[in-house]
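Colleague: Protein sequence lines, in the order shown, are assigned to chains A and B.
For the first sequence, the working numbering gives the first residue as 659, with consecutive numbering after it.
For the second sequence, the working numbering gives the first residue as 1307, with consecutive numbering after it.
FYI, nobody ran anything at the bench for these hints, they're computed from the structure.
None of the values given here were measured: they were computed from a predicted structure.
Honestly, I wouldn't trust all of these hints.
[Unchecked claim] As a list, the in silico DSS-like pairs of lysine-lysine whose alpha-carbon atoms are at most 25 Å apart:
id	chain 1	residue 1	chain 2	residue 2
1	B	K1828	A	K762
2	A	K1033	A	K1078
3	B	K1749	A	K1033
4	A	K762	B	K1798
5	A	K837	A	K807
6	A	K764	A	K737
7	A	K737	A	K698
8	A	K831	A	K890
9	B	K1749	A	K807
10	B	K1425	B	K1798
11	B	K1566	B	K1749
12	A	K837	A	K1078
13	B	K1749	A	K810
14	A	K808	B	K1749
15	A	K1085	A	K698
16	A	K743	B	K1774
17	A	K1003	A	K737
18	A	K1078	A	K810
19	A	K764	B	K1828
[To be verified] Selected chain B positions facing chain A (in silico; Cβ < 7 Å):
id	residue
20	S1485
21	A1599
22	Q1608
Where a beta carbon is used, it is the ideal one built from N, C-alpha and C, also for glycine.
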Amino acid sequence: MISLRRKKSILAAVAVTSFALIASAVPANAEVGVSSTEIKLGTTVPMTGIAAPGYNKVAPAMKAYFDYINDNGGVYGRKINLIIKDDRYIPQEAINKTNELILKDKVFALVGQLGTANHLAVTSKVRIASRNIPSLFLNTGYSGFADVKKFKTSFMHFPTYVAEAKILSSYIKENFTGKKTCLLVQNDEFGADASKGFAAAGLTFDETVKYVSGTQSATTAQTWITRFAGAKCEVVVLFSVSSATAAALGVASAAGYKPQWILGSVGADSTTLRIALNNPQAQALLNGAIGVSFMPDALDTTDEYISLFREVNTKYSPGVAFDTNVLVGMNAAMLTVQALRAAGKNPTRRSLIAAMESKGSTFASAAYGNLAVSKTSRAGFTGYWFGKFNLAGALIPLDAGRTMYTTDSGTGPVTKASAKRAPLPAKGIPTNS
Amino acid sequence: MRNLMSLKKRAFAVASALAITTTALVAVPTTASANPVCTNKVIFTECVGATTDGAGYVIQVPARFSGTLFLFSHGYRYPINIPASIPVVGGYTVINTPQPAPGQNADQITEVATQMLTKGYGIAGSGFARQGWNADSGLKTNVELIGIIKKQFPDVKHVVAWGESLGAFITQALSENNSNLISAAGNLCPAAGSVEASLKMAGDALWGLKSFFDPTIQGGNYKSVLEVYTDIGRVLTVLGSLQAAFAANPITPAWPATSKAPAAIQAIPSRSALVLVAAMSGVPTQSASFDGATGPGAPGSQTAIQFAAAISPALGSLENIAGAAILAIMATYDIEQQVGGPVFDNTATNYATQLGDGLFEYSSALSGLDAAQGLLGFLAASPRAKADPAAVAKMRALVSHKGVFNVPTLTLAATADNVTPSGHAQWLAERAAQSYLASSRNKNSRLANSWRSNNVSLWQVTPDSYTKFSATGTPLTQRGVNGTGHCVTTTKQYLAIAEILAKAAVEGKIVPAGAFRSSIRKAGGLTYDRGFSVPLMKFYQN
């Protein structure tokens, strides 16, 4: 029988040992969502609902890349645990799910949030900036997110829609002067940004059709195409989401209407088009359309980043077709790993934000150019190259040098230069610090 | 779609929450008395009386008394009788009955009071000498009442002040000005800051309804109660018309016949104008029945998504805005009577700024950017309300808060409260953090949002999704959904808060760990996270 005194000393020893174990396991500056073995990240994306086709591949692609990194040692020994929540592309649901991620799941940071309205709802209602919660690599091009004063903890991934519209304008002026040029645009901040860019570049349209988000369908597309055809538009810019682009192309094809299509980056993904039109051959509708991208085309297997990401996708997301959405997800994930590494061996939210500001512009990724992030800006990439879609739905560069058109979201000029980017880290595993 | 009767029930519920009567129906002396009349009720002693201002009070102390007594301050009660002929809220008579415990109705007040006594807590409450906005007189009444309590029951070791809505405003004022009298404070569904901050949301909402839907709504500068009754009638007529229009065509509901908006504006669905009014004012678009996230039909279908994003916020706004608008009319009249002139002034208000990112967040509900900007343009050109500077000066001289926390304080707010929005609690939380950081010792501390600032915020957060539909896709009316409505608190939640406050009173601090977390977990529906945050009221955003 153990005496009471001995019992006490055993208990004390157990307590001390337990405390020591706990103390050694948790860094002195332990941060929410960071343990000795794990970094917990979260994202809300439309996994179901009308916006899900295509977009529902972005977050799983991020997870696949993180799994690849985890199998190769993680980030300074910590595995990345990405928690994915379905927001169905509804702002209120994004608020609800983000609150869950922060309050219940206790994530360290948000990554790859998708959709302007959703992220605006999150920033205003969940108030992640005042709570110092980082939101890395937003998958939206709304120019407002570059404002460091308002969105101090949010960081963009995509070039802004303003910049994209300025770049499209530059190309149209160079190549289609004198042609009747028309525009399909969403009647919200997405479209407002585009209109701002077209106006800044001095491009006017002979016919502009606006649609309210959520109303796009084959029926509404009939009215758009009727208006474009009636106005005898020779060049039509579809600055629209995938479902609207698909509806427009589908209806136009059926009607035999064949202008020169110029597609904004958001709505031009061949696999999404096939799903949206429920037609396995629908990518052919893209044939001949001009498009832009800030990364290589997802079907370009000669590209070292694409090749690596495809391998990761095959191993960690078996059965998932590699496309632009997967590419976007993996690129954001690769950038995230570099941000986490740059934040130090015991990352905090503050050190992560500081790392983004000081080192974000040096991160390697599949995108051409560098992130424009700094202490004074939250902007993402800034340039696009032009290509033409082929029958397989691949975007083929218009010139061998893959000329990059680069600009800002203000009144700066559009400049041209050959595409450049950092080489792929060995085995696609960042080693920066 | 719900019918007018259900709207009436809901609006009445709001009115009831604001103008609650106490259970006890305690007979109190009608004139002030130095000594209360006490009766031994076997398991507790009850004393009734009136303070020198004539406010009736009741004190109940159990036989097995813990030494801690809770002084409750009730919320806003209408200051005027409302004839039965007035729809929805008619038949109300001014009530000065003391209320010793919180609750949404007589049954719940009784239940909470009984449980409090059973747990060994004393309870007390005044009916206050006047109804309406009575923070100044209510504060004095409570100070005097605490003196009476301590004299009558010398074994009271700790007084915990707590209150709901306007009662929380009085409680915070008591804490700031007379902290030596109390040991802890509970601000439940609080109004906070100032009367001006408290009235702005309702004033903006009422002005928006007037501008879009019926310019004959007076909205202020009331010369008689008749004008008040008329305004209530006009607002309810507008809301009834909108409800009927929603029922007939939820996608493109017609505008009320009373609207004088031009055809170009009326070409935009009226639901979008309603959402704009709510969003720019700060009235939640989530309500007890509408979560803004769910729609009929298959989950994820276009029908479900469109309803959730475009229709649900409008129906939620409609369900919420009756309470805000009626409060605006009654409280505006009340304050105007107290300070001698109109006090609501929006001549300098930029509603586009106030809407902020709501312009994009509610893009679908607002029918797109062009429609939203058209509606904002119409509002920008609409006649504004101008206040009397002398009256405003008097209003600003009424008791207000500094946002300091002299005793351990617990604040409870619902994220979709339609009468005192959760931004009030957020203001208190931010003031607490600022005060904490103001000390040179704490200026670099990351603990400003913790209990060290002497204010702990609890939140009732709406569930992920909760709108329910009939088999034919009709949304069903609900009540009591956590995080929605005004001062919708369960008995378990009240009692958990009481336990936390009693412990805080004894220990001199609220530490949100251990027993605290156990209490809120058992109560259910309460969220504590020191980083949780909601938008401030629009009053502070423009």
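Colleague: Evaluate each hint against the coordinates.
Modeller: Against the structure, the hints come out as follows:
| no. | hint | in the structure |
| --- | --- | --- |
| 1 | B:K1828 with A:K762 | holds, 17 Å |
| 2 | A:K1033 with A:K1078 | holds, 23 Å |
| 3 | B:K1749 with A:K1033 | holds, 23 Å |
| 4 | A:K762 with B:K1798 | holds, 22 Å |
| 5 | A:K837 with A:K807 | violated, 42 Å |
| 6 | A:K764 with A:K737 | holds, 16 Å |
| 7 | A:K737 with A:K698 | holds, 8 Å |
| 8 | A:K831 with A:K890 | holds, 18 Å |
| 9 | B:K1749 with A:K807 | holds, 22 Å |
| 10 | B:K1425 with B:K1798 | holds, 13 Å |
| 11 | B:K1566 with B:K1749 | violated, 54 Å |
| 12 | A:K837 with A:K1078 | violated, 33 Å |
| 13 | B:K1749 with A:K810 | holds, 21 Å |
| 14 | A:K808 with B:K1749 | holds, 23 Å |
| 15 | A:K1085 with A:K698 | holds, 24 Å |
| 16 | A:K743 with B:K1774 | holds, 22 Å |
| 17 | A:K1003 with A:K737 | holds, 13 Å |
| 18 | A:K1078 with A:K810 | violated, 28 Å |
| 19 | A:K764 with B:K1828 | holds, 21 Å |
| 20 | S1485 | violated, 28 Å |
| 21 | A1599 | holds, 4 Å |
| 22 | Q1608 | holds, 5 Å |
Hints 5, 11, 12, 18 and 20 from the list above are not met by this structure, while the remaining hints are.
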